[in-house]
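> Single-letter residue listing:
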Amino acid sequence: MCLPAQGEDPLTVPTLLRSGGDQQDRALDRRFDPPTGGVYLTWTVPLRDARDCYQRALDLSPDNYVALLGMGVTLVLAAEREQDTVLRRAYLHSARRHLGEAFFARQGQYDPLYYMAVAAVVADDHAQARRFLDRLLRARYRPGEVHALLGYLDELGLQRRSALQHYGQTLALGASTQTLQFVARRASRIGGRR
Amino acid sequence: MRGRSIAIAARVALATGCARLPETPPVAHPTPVRTPLVVYERYRLAAMDFGWVGTEDGGVLTQIAAALPAALLTQLGATGRFSVYDGGSIRQRALVERNANERLDGYVSGTITSWDLGRTPARVCADVRLASAYNHEVLQGMQACFDVQVRERHVDVERPRVEALAQELARGIPQLDNARVLAAEGSLVMLDRGANAGVLRGMAAYIRATGELASDRELGELVTSFTNARPRVRQAGDQAVSSQLPAIVAELVIVSVDDFTATAERVRGDYVLRGDAVVFK
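Those sequence lines, one after another, are chains A and B. Adding 70 to a residue's 1-based position in the first sequence gives its number in this note's numbering. Adding 347 to a residue's 1-based position in the second sequence gives its number in this note's numbering.
Read the hints as simulated data drawn from the structure, not as lab findings. There could be a bad hint or two in this list.
Said to hold, decoys possible - To be clear about the criterion: a stretch of chain A counts as covered by chain B if any three or more of its residues have a C-beta under 8 Å from a C-beta of chain B, and this derived list gives those stretches: (1) 111–119; (2) 138–149; (3) 156–169; (4) 198–210; (5) 231–237.
To be verified - DEER-style ranges, computed between Cβ atoms: (6) M489(B) <-> R210(A): 44 to 50 Å; (7) G77(A) <-> E612(B): 21 to 27 Å; (8) S534(B) <-> R230(A): 20 to 26 Å; (9) R210(A) <-> G545(B): 56 to 62 Å; (10) T458(B) <-> R210(A): 18 to 24 Å; (11) E612(B) <-> R159(A): 48 to 54 Å; (12) Q125(A) <-> T421(B): 27 to 33 Å; (13) G77(A) <-> G519(B): 56 to 62 Å; (14) L241(A) <-> G488(B): 53 to 59 Å; (15) D563(B) <-> R159(A): 48 to 54 Å; (16) L243(A) <-> G533(B): 44 to 50 Å.
Here a beta-carbon is modelled for each residue, glycine too, at the ideal position from N, C-alpha and C.
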């Protein structure tokens, strides 16, 4: 989709970034959609299109913050879906590099930091994830989403009481509807077990 | 017994990260990036004509009303404080008070209030005003009189007096140190400097996007250890500084001033964050 049709002018970086962003939004909204036709794909259509758009944007503008961040997020989402551990590790490695370069591009640091935390969660590197989340909390950046991730890590570590506290913080501070629904489901499940 | 073993194994798997919960938290969408703006870093000022159209004096006052702002514009440019623009009738009214905010931060206008064309040199007095281009509030007003040599097709305004007037207008918009954003809500922005630091209503400023940037070495090292990416730096003397200046992302005009804080309105740009740097023009 990010290749110009025959006879058309080549796509510009802003156009590529806009298309990449649209596809990435779709990929984020449909993260947990079940496979269609019984086929499980790592690279769903929106994820693949987002990757192609961001890659072309990076070819034209290698230091572009939006393209670096977008590629990093796309690769984290792909790693999350990937079943093959070698490929999964390769996607995460590349995602970390893109997110790190986005961080040092000095246009916005907390977004790359947030996705580094997500990448660390996907890589099961909980200690590293907590370091990033701690920095984000101190900066008061997306506190609802950050507490949801901390609650999730606590739940994985069987710290149910602490997980409940984090989920409570998310509900108190507010977050996206999806995050609030997730937190409400988890909190009622843990609460019911106690 | 067997069921208990399975439960313990599941707990161990969860605790060591070898297993996942049935669902993972949603991943938030990236924050929209603030579009960098092209901003003129000096205060943009135009001199409008002094608004006299009449023929009873043979058109001499009309000529003076056009010559005065032209001379003032030249002297304002010479102060080095402003980016100056032609305004009013100087260029067929391409830039007038009504559309001034499209190109300017402020404009100088005037009204000829008294004249004596019978003497040599002739004498003309005018009320001169410096106004904000954004809300047309008059920031400074003063009266000035000039000797004017009027000959056939020739009007020569007393330059030293015009130069003094230009200097006085330049002093009306002092150059200040940078401020920081304390809070931002919609288009309103609160700054950490006020009247005590010389901030005046109507001043123009722009925002450098430092609100999200932590100049934190420890954080940079944490990111480098995780990603292998390194900061882009250049050497400035003994110090390594970032090779990229934070982008300019918004323009402001000061709308109210207290002793220690000021409130500004965002007139261009997407949004402003707490901690952003405010650079006064």
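> Is it true that the C-beta distance of S534(B) to R230(A) lies inside 20 to 26 Å, as the hint says?
Taking Cβ atoms as reference, S534(B) and R230(A) lie about 45 Å apart, which means the hint is violated.
> Please test the hint of 48 to 54 Å on the beta carbon pair from E612(B) and R159(A).
For R159(A) against E612(B), whose Cβ atoms are near 50 Å apart, the range 48 to 54 Å holds.
> Using the Cβ atoms, figure out if D563(B) sits within 48 to 54 Å of R159(A).
29 Å Cβ-Cβ, so the 48 to 54 Å window is violated.
> The hint says 56 to 62 Å between G77(A) and G519(B); measuring C-beta to C-beta, is that right?
Cβ of G77(A) to Cβ of G519(B): about 58 Å, so the range 56 to 62 Å holds.
> Within the region 156–169 of chain A, is the number of residues with a Cβ closer than 8 Å to a Cβ of chain B three or more?
It holds, with 3 qualifying residues against the three required.
> Starting from the range 53 to 59 Å, see whether the pair L241(A) and G488(B) falls in it by beta-carbon distance.
holds, 56 Å
> With a cut-off of 8 Å between beta carbons, are at least three residues of the region 231–237 of chain A near chain B?
Coverage by chain B is violated here, the residue count being 0 at a Cβ distance below 8 Å.
> Is 21 to 27 Å respected by the C-beta to C-beta distance linking G77(A) and E612(B)?
Taking Cβ atoms as reference, G77(A) and E612(B) lie about 47 Å apart, which means the hint is violated.
> Hint says 56 to 62 Å; check whether the CB-CB distance for R210(A) and G545(B) agrees.
With a Cβ separation near 31 Å, R210(A) and G545(B) fall outside 56 to 62 Å, so the hint is violated.
> Closer than 8 Å, Cβ to Cβ, for at least three residues: run that test on the region 198–210 of chain A against chain B and report holds or violated.
holds (count 5)
> Can you take a look at whether the region 111–119 of chain A is actually covered by chain B? Rule is 3+ residues, C-beta closer than 8 Å.
violated (count 0)
> Taking 8 Å as the C-beta cutoff, is the stated coverage of the region 138–149 of chain A by chain B satisfied by three or more residues?
Coverage by chain B holds for the region 138–149 of chain A (5 residues, Cβ < 8 Å).
The earlier numbered hints that this structure contradicts are 1, 5, 7, 8, 9, 10, 12, 15 and 16.
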